[in-house]
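**Q** If you read the protein sequences in the order shown, they are chains A and B. Heads up, the first sequence is in the working numbering, so the first residue is 1 and it goes up one at a time. Heads up, the second sequence is in the working numbering, so the first residue is 1 and it goes up one at a time.
Just to be clear, a hint being listed does not mean it is correct.
Where chains are identical, the list cannot tell them apart; a pair therefore holds if satisfied intra-copy or between any two copies.
Claimed, not checked - Straight-line alpha carbon distances no greater than 20 Å define the calculated SDA-like cross-link-like pairs of lysine to any residue that follow:
#, residue 1, residue 2
1, K8, V334
2, K153, M1
3, K220, D12
4, K8, A219
5, K29, S316
6, K25, M1
7, K50, F81
8, K29, Q286
9, K282, Q9
10, K208, L7
11, K88, S316
12, K186, L197
13, K153, A219
14, K8, F149
15, K8, A154
16, K208, D12
To be clear, the hints were calculated from the coordinates, so they are not data collected in a lab.
There are 2 protein chains.
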Amino acid sequence: MQVNIPLKQVIDNSYDITIDTIEKKHFDKKVAIVTNPKVAGLHLAYLLSKISAKELYIITVPDGEEYKNQASIDLILESLFNHRFNRKSMLIAFGGGVIGDMTGYAASIYQRGIDFIQVPTTLLSQVDASVGGKTGINNAYGKNLIGAFYQPKAVYIDPHFLSTLPKREFGAGVAEIIKMTVTFNKDFFEFLEKADLHDKKVLQEAIKQAVETKAEVVAKDEKEHGLRAALNYGHTFGHVIENETNYKTYLHGEAVAIGIVMANETAVAMGLMSEEEAQRIKNLLQKYNLPTSYVIKDVNNFYETFFLDKKSSDASVTFIVPIGIGGVKITDAVDKELILSVLSKFGEN
Amino acid sequence: MQVNIPLKQVIDNSYDITIDTIEKKHFDKKVAIVTNPKVAGLHLAYLLSKISAKELYIITVPDGEEYKNQASIDLILESLFNHRFNRKSMLIAFGGGVIGDMTGYAASIYQRGIDFIQVPTTLLSQVDASVGGKTGINNAYGKNLIGAFYQPKAVYIDPHFLSTLPKREFGAGVAEIIKMTVTFNKDFFEFLEKADLHDKKVLQEAIKQAVETKAEVVAKDEKEHGLRAALNYGHTFGHVIENETNYKTYLHGEAVAIGIVMANETAVAMGLMSEEEAQRIKNLLQKYNLPTSYVIKDVNNFYETFFLDKKSSDASVTFIVPIGIGGVKITDAVDKELILSVLSKFGEN
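Next up, chain A with everything else stripped away, as it sits in the complex (with noise of 0.2 Å):
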């Protein structure tokens, strides 16, 4: 015999995502504020003169990718059995994408699944991590291996936070931007040749554009089948690249802009865009100082690694390449050679 468990639900994930000053709000239950110890000191008071809770707490962790792992995610969750947090209270991710990564992770798992929302403080989180609802972390084996698809309440990005950004953190978040444009938008890559994302105005609409872009993508394919696997144009190559370097050497939108320019090689010698515009965006790229080449030591090492990146399958990667400008391909049939030869134009010379 057999019984049917239906479970067809309408379930409504949405929320908003504020690009402002952060008003004043208070939450009568208990909150846990996610941190690291660089991001507590230069803006905690900040935060903490918008928001109140009638139990807060702060929790910090190391800062770094390198600290993306269980360890980070059993101090979190130590710290929230230690306060007793129940179901019904709430964390605030507080710093950049390894930090919202890590809390929504934290979230999702804690009891089965608590509130939490972000307040991210680089412009990488706020134009990428803010959008999606990828958790997790790190392991031995690779980038976000552990995890779950879990969404935030409400995202708060508030300008305020750039101010005391690194150049090469800034770059970053550029690259993103790029990333997004080159694949979604030709219109706004045009209008980024021309314009300034230092200017204020010019970077709060590039945010604007960047979010809603990839809200677009994410609501269309929440939990990455199809279309959204277009987003990590950049990513899988700029994976292999973070793996290798031990996530030292650059910062994640920094790898991405190498992959990005690794992707580009690959779309000129499949035919899918001219020179011209691979170098259009790799001049993009520069004009915000983000690297645009790799030392690839070997290649065949280098490809292999594809193959422990999570959006790979059996026997198979998937690479995201461009069609021009404002274009995009989703494929698992790159032929093996093409790709080698791509790399080994970033090989040892």
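Starting from the structure of chain A, add chain B where the hints point.
**A** Same frame as chain A, but now just chain B:
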């Protein structure tokens, strides 16, 4: 400015539970059967005569509730990474509730979620863990405090596995069936008072009824915001008992049996149940050799432990008290003194 991220979606997590001899199946993908040494020794040969895969792996984790922890999850994940499982790969939970909860949780966080199916081998996991999507692990603070809501793709309940089930474990499963009838199905309770679950036909019907009843409740309230809490009848007390005895003295279903008696005493004290009804339930539990008494050494300590339980919120505990037989009340407004006086009946004497 504000951007809305629209994520209102129809999500279909429906699946079938088959209560019958498993039919032969081949999966054209990587599959890992997660089990423990004991179940594997008794029944793996049988399962492997039914199930094959393109690439098949067996992962065993230590047997017992005390190993339902992060270390076992790490062991499972490590093996999946090792063998390069990807998003299209699948897990099979093969064992009792502990195996089901851990395998489901591992599936939920591996690369942000892969498929899993359940082949429960104990009566308890067949009637209880097979419906509801609760997955997770224990930690130093208590039971199931870390986890996710994650549904299997299918459940296969094969009566074959019950043939080797020890008497105590059989009883533990019966406790969950009795739980379901007291709260939701008076007719079936009265049927059980006369029938014998050792009769195969009666048992299969009972499994079906229990699974259907739970499915109805879960479909109405997947994430336990209301009605579903009623399934915790006997569990609020039972969890404390398991906690106090370090999960060593009682099987889960046995602790629930005692918890049912305690919940009934609470109902009697609240005037919701007659002493005669409480006695009938106790009789039915005893018919299957289930424990119905427990010596509470420290009533206040017992009470305090309620608040660590994940079902409790800020300053209250949710109690599930039956209204006679076939009805149930979910309330967090039970007077502390009343509970203490009920508990003191179980005090050391």
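**Q** State the violated hints by number, sorted upward, taking the hints as numbered earlier in the document.
**A** As far as the earlier hints go, 1, 7, 8, 9 and 16 are violated by this structure, in ascending order.
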